Amino acid sequence: MSIEINVKLDCKGLSCPLPVLKTKKAIDGMKIGQILEMTATDPGSQNDMVAWSHRTGQEILSQQQAGGAFIFYIKKVK
Amino acid sequence: MEGERKMSLDNKAIQQLVEEKIKESMDVRLKELLDKKIGEVEGRISVLEEKTRKGENRKKRCAIVASKGSMDMAYPPLILASTAAALDMEAAIFFTFYGLDIINKNKYKNLKVPSLANPAMPIPVPNILGALPGMTAMATMMMKSWMKAAHVASIPDLIDACRESGVRLIGCQMTMDVMGVKNSDLIEGVEIGGAATFLDYAADADIPLFV
Numbered sequence: 005m006s007i008e009i010n011v012k013l014d015c016k017g018l019s020c021p022l023p024v025l026k027t028k029k030a031i032d033g034m035k036i037g038q039i040l041e042m043t044a045t046d047p048g049s050q051n052d053m054v055a056w057s058h059r060t061g062q063e064i065l066s067q068q069q070a071g072g073a074f075i076f077y078i079k080k081v082k
Numbered sequence: 063m064e065g066e067r068k069m070s071l072d073n074k075a076i077q078q079l080v081e082e083k084i085k086e087s088m089d090v091r092l093k094e095l096l097d098k099k100i101g102e103v104e105g106r107i108s109v110l111e112e113k114t115r116k117g118e119n120r121k122k123r124c125a126i127v128a129s130k131g132s133m134d135m136a137y138p139p140l141i142l143a144s145t146a147a148a149l150d151m152e153a154a155i156f157f158t159f160y161g162l163d164i165i166n167k168n169k170y171k172n173l174k175v176p177s178l179a180n181p182a183m184p185i186p187v188p189n190i191l192g193a194l195p196g197m198t199a200m201a202t203m204m205m206k207s208w209m210k211a212a213h214v215a216s217i218p219d220l221i222d223a224c225r226e227s228g229v230r231l232i233g234c235q236m237t238m239d240v241m242g243v244k245n246s247d248l249i250e251g252v253e254i255g256g257a258a259t260f261l262d263y264a265a266d267a268d269i270p271l272f273v
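First to last, the sequence lines map onto chains U and C. FYI, the numbering for the first sequence is 5 to 82, going by my numbering. FYI, the numbering for the second sequence is 63 to 273, going by my numbering.
Derived by calculation from the structure, the hints in this document are not laboratory data. A quick note: this is a predicted structure, and the numbers were derived from the prediction, not measured. One or more hints might be untrue.
As the list claims (entries may be wrong) - Below 25 Å or equal to it, Euclidean Cα-Cα: the simulated PhoX-like pairs (lysine-lysine) are:
#	chain 1	residue 1	chain 2	residue 2
1	U	K26	C	K171
2	U	K80	C	K122
3	C	K206	C	K167
4	U	K79	U	K29
5	U	K29	C	K122
6	U	K82	C	K116
7	U	K35	U	K12
8	U	K26	C	K210
9	U	K80	U	K12
10	U	K79	C	K121
11	U	K26	C	K206
12	U	K16	C	K206
13	C	K171	U	K35
Next up, chain U with everything else stripped away, as it sits in the complex:
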């Protein structure tokens, strides 16, 4: 799957709630339709990002796991 990424955010090593807070901040600074790639190592971020997406309505296009990191591709839809 190829996704065109507009913004990258590294949250590796950060604990709850920082990945969520930083993702929100990054998304706020983006244009609608743009895509954010967020990488985290906090295992809680898997559920937290889904919850965040559920509440904010921003779309998680895909969620991957690579070498102990969790990578989220998030599209700003509003």
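With chain U's structure known, arrange chain C on it following the hints.
Same frame as chain U, but now just chain C:
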């Protein structure tokens, strides 16, 4: 005979006519009443629809009371409020009693972890030893080093995150008076209010929490 029959026919025709007239006017009256009633019901439905629409569009709201001033008790309200804001919710924290220390600029950077009467304290020694001088500082130091190792945000960082994301930070006026805390002792961006201020906000909260 002829005349009688004619008469009774006339009577019948008249009766029929009268009945028709009565029915007609009843229909008209009924229609008027129905239209009026339908109009009323429609009006009430549209008011309810408007209210529902407003309710659905309204942001979720999280109202938190922070009543403790130790480091471990300062984290939950700040984490939850900043995360609520990140989840597109409104959030406010009402700092009361020792919770005021969390927004006291002379104290918020040095909140302590209690070593006494805290069976979960980070130092694995009998709890009574927590009473010894220096144990609070040690418990605090250990907790801080663990927090740092786990890359947990510091209290000042979380306060910044709250302020940046529009979380309302409300200092309790009454507690300030009791504890001799002045407005100038509080960090920037804090408002002052009382129980009514908090309750007014919390009355419309979807998530009210007491910490």
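I'd like to know which numbered hints this structure contradicts. Please list them from smallest to largest. Per hint list: single violation, 13.
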